[in-house]
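Asks: Quick note, the sequences are listed as chains D and B, same order.
When the first sequence is numbered by our numbering, its final residue is 224 and no position is left out of the sequence of numbers.
When the second sequence is numbered by our numbering, its final residue is 407 and no position is left out of the sequence of numbers.
What the hints contain is simulated information worked out from the structure, not anything from laboratory work.
Among the hints, erroneous ones may be present.
Straight line, CA to CA, 20 angstroms or less: simulated SDA-like cross-link-like pairs of lysine to any residue [as the list claims (entries may be wrong)]: (1) D/LYS52 x B/THR353; (2) B/LYS357 x D/SER188; (3) D/LYS30 x D/THR215; (4) D/LYS54 x B/LEU150.
Example chain D residues on the side facing chain B (calculated, C-beta under 10 angstroms, incomplete) [unchecked claim]: (5) LYS52; (6) GLY108; (7) ARG132.
Per label pair, the in silico range of CB-to-CB distance [what the hints assert, rightly or not]: (8) D/PRO197 x B/GLU121: 56 to 66 angstroms; (9) B/GLN36 x D/SER140: 24 to 34 angstroms; (10) B/ASP68 x D/ASP218: 49 to 59 angstroms; (11) D/SER188 x B/GLN36: 41 to 51 angstroms; (12) B/ARG338 x D/ALA96: 43 to 53 angstroms.
Backbone N, C-alpha and C fix where the C-beta goes; we use that ideal spot for every residue, glycine too.
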Amino acid sequence: MPNPPLLLCDSDALVQFFLIDDLRPLQVLKSKFHIQPTIALEVDLELRWVGKHKNRFVPKLDKALKNGILARLDQSTFQGYLGTAAPGTSWGTYQALGARYYGVVQRGEAYTHAAAVSLAMPAMSNDGNAVRVLEGQMMSVAIPMLRAFDLLVFAHEFGALTTKECDDIRTELLTNGEGIPGPFQHASFVNGAKTFPCRLRVGNAAGSPYPQPTTHYDPLTIIP
Amino acid sequence: MLQRVLDSAGIDIRSCAELLGFNPDLFVQWAANPNQIPESVVPLLSAVLSVPPSLLATSPKAAKHLKDSDVTPQIWYKFRGAGLHESDREYVVLIRQIGHFLNELEEVTRQKSVQWKSLFETIRTTVDIQAPPPEQGKAAASIFRQSTSLGHGASGSGDVLRGFLRALGVLVVESPLADSRIEGCSFYVGSTNSPRPCAFANTHHTTWFRRNAILMHEVGHAIFEHLSGASLDFSDAGDAHDSIELRAQAFAQESLIPKEVLFHAAQSRGIKWSALNEYALACLVADTHVEQKMVISAAVDAGFIEAEREDQLNRLDIHADLLKLSEHALSTEQFLERHSEHGSGWIGKRTTTLSTKAIRLPIGYVNAVVEAYKNRQISPAKAAEYLIIDEQEFTDRFGDIYENVEC
């Protein structure tokens with residue numbers, strides 16, 4: 001099974017990468033695994049005006065879009081990936097699904113999950129409550145759904161981030177009042193990672209095929 | 001077209017963007033390139049600005065051929081009038097956003113209240129359109145009371161009024177606008193194909209008793225002036241003399257304090273109309289839930305007192321007696337502090353913090369959002385969006401039902 005070509009990213013996870021000012025985990029995904037971190041137009045919208053941060057992340061967002069670390073899921077990009085989607089999927093059905101999700105979760109999450117479900121791609125979002133609400137309303141969610149820390153643990157294991165850098169990131173996020181997964185709240189990065197059920201793994205071509213995720217919390221194995 | 005609509009409404013494009021939680025630069029871009037407006041944003045913009053979605057998609061080139069009158073939503077004709085400020089219009093934008101959110105929430109919770117539609121229509125078709133305006137107002141109030149729970153019993157209805165109006169589907173907003181001349185206003189909110197009436201009362205320097213009358217006065221306007229875009233009442237306007245205001249005033253009075261309510265209040269207190277003093281009048285105000293002036297006006301209309309005594313009775317200072325009789329005589333802050341277990345905190349729980357202008361949200365609306373969240377019908381982030389606060393503030397105010405659940 002080839003790596004998914006896209007990872008749909010939600011605002012809350014990207015805000016954490018912007019806060020730590022380090023997009024290397026996303027960069028690694030793109031350069032080593034050919035997985036393009038991508039944002040729905042609604043996430044682009046959210047990132048340009050984030051609550052109390054207001055327009056703080058706009059320069060970083062524009063830079064990431066310009067250098068290709070992030071891509072926007074506009075209509076033509078979306079249509080380029082319809083090959084992997086279920087028959088009948090279109091920009092219109094995606095928009096309708098997003099609008100339906102937007103009734104129960106925020107705009108960014110709604111369209112991130114809608115895009116991931118429509119194109120059968122993984123997503124990254126820290127909002128587990130949104131997943132619970134969507135599933136509770138019998139709405140499909142992204143499979144799998146990674147969190148920002150899945151990418152950090154993966155980047156650490158892959159050697160893209162050092163242990164010290166990861167510890168600094170953890171501290172920086174806590175200082176900024178950002179939510180982080182339970183295992184990391186009172187433990188160092190390495191100790192937290194021991195009990196953190198990471199949803200992103202690096203496999204090797206010889207070991208494939210790997211089991212494919214069937215729920216939002218199943219791990220995704222990707223091959224360099 | 002976005003720029004044209006905002007210009008016609010007298011709202012600055014950048015202020016509007018911030019008010020709605022968007023980057024102002026994006027609004028400017030959308031004004032120049034309407035095809036860049038994400039589809040997901042169109043319903044909100046359409047509802048807030050009161051324009052059909054298709055109008056927002058009109059290119060600047062095509063928009064040049066349209067006259068101002070073709071693009072100006074009716075509501076803004078009223079709100080861009082003399083004596084109104086941009087801040088007044090910005091509050092209208094915020095209230096319209098809440099109306100849009102309420103429609104969305106009711107879709108999700110499947111608790112849509114549209115009873116107002118049939119009730120208002122019944123009133124409009126039943127009332128004699130050639131009768132004197134006060135008679136029209138009274139006839140409308142009579143139907144209003146008979147068709148609803150307001151007509152049950154003969155006691156004051158101020159305590160149940162807001163919940164009752166909300167159950168009908170009316171959006172009731174009471175919030176302080178310190179620098180505004182607006183005392184009350186009504187207009188329709190929601191998308192152009194899913195409107196609902198909204199009654200607003202400015203809480204700045206007004207009593208609860210007066211606001212009951214203001215709200216019903218505005219409901220009266222919403223019933224009869226439904227095609228006029230909006231109705232505005234100013235704090236410095238004095239007594240109503242034009243037909244529209246006379247009708248709305250008669251509607252408010254008759255729906256809140258009809259003869260039977262006034263009679264019952266006087267009888268239960270053993271009040272003699274010929275010997276009305278400060279205390280007796282305060283009792284009537286406390287029991288009927290409307291301000292002194294309206295009690296006296298209703299008593300004159302009912303034939304309990306002579307019209308010549310009206311001015312003299314209006315001059316009686318009942319405040320000290322009223323304070324002893326009713327907690328509603330306290331200011332909103334004092335009332336909530338004494339009345340609510342959580343005191344002034346409850347006001348804080350209803351106030352928006354992310355919008356550039358703070359507004360106090362209706363209790364019923366806040367409760368509906370929190371209930372949907374607790375029923376797991378909407379996510380905490382969505383609930384925070386509906387209350388125009390950030391997610392952390394939402395969980396601080398209302399608790400985190402997912403606190404111990406790992407994602």
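Asks: State for each hint whether it applies.
Replies: Cross-check of the supplied hints:
{"no.": "1", "hint": "D/LYS52 x B/THR353", "in the structure": "10 angstroms, holds"}
{"no.": "2", "hint": "B/LYS357 x D/SER188", "in the structure": "42 angstroms, violated"}
{"no.": "3", "hint": "D/LYS30 x D/THR215", "in the structure": "24 angstroms, violated"}
{"no.": "4", "hint": "D/LYS54 x B/LEU150", "in the structure": "46 angstroms, violated"}
{"no.": "5", "hint": "LYS52", "in the structure": "6 angstroms, holds"}
{"no.": "6", "hint": "GLY108", "in the structure": "9 angstroms, holds"}
{"no.": "7", "hint": "ARG132", "in the structure": "7 angstroms, holds"}
{"no.": "8", "hint": "D/PRO197 x B/GLU121: 56 to 66 angstroms", "in the structure": "58 angstroms, holds"}
{"no.": "9", "hint": "B/GLN36 x D/SER140: 24 to 34 angstroms", "in the structure": "29 angstroms, holds"}
{"no.": "10", "hint": "B/ASP68 x D/ASP218: 49 to 59 angstroms", "in the structure": "57 angstroms, holds"}
{"no.": "11", "hint": "D/SER188 x B/GLN36: 41 to 51 angstroms", "in the structure": "45 angstroms, holds"}
{"no.": "12", "hint": "B/ARG338 x D/ALA96: 43 to 53 angstroms", "in the structure": "50 angstroms, holds"}
In this structure, the earlier hints numbered 2, 3, 4 are contradicted, and the remaining ones agree with it.
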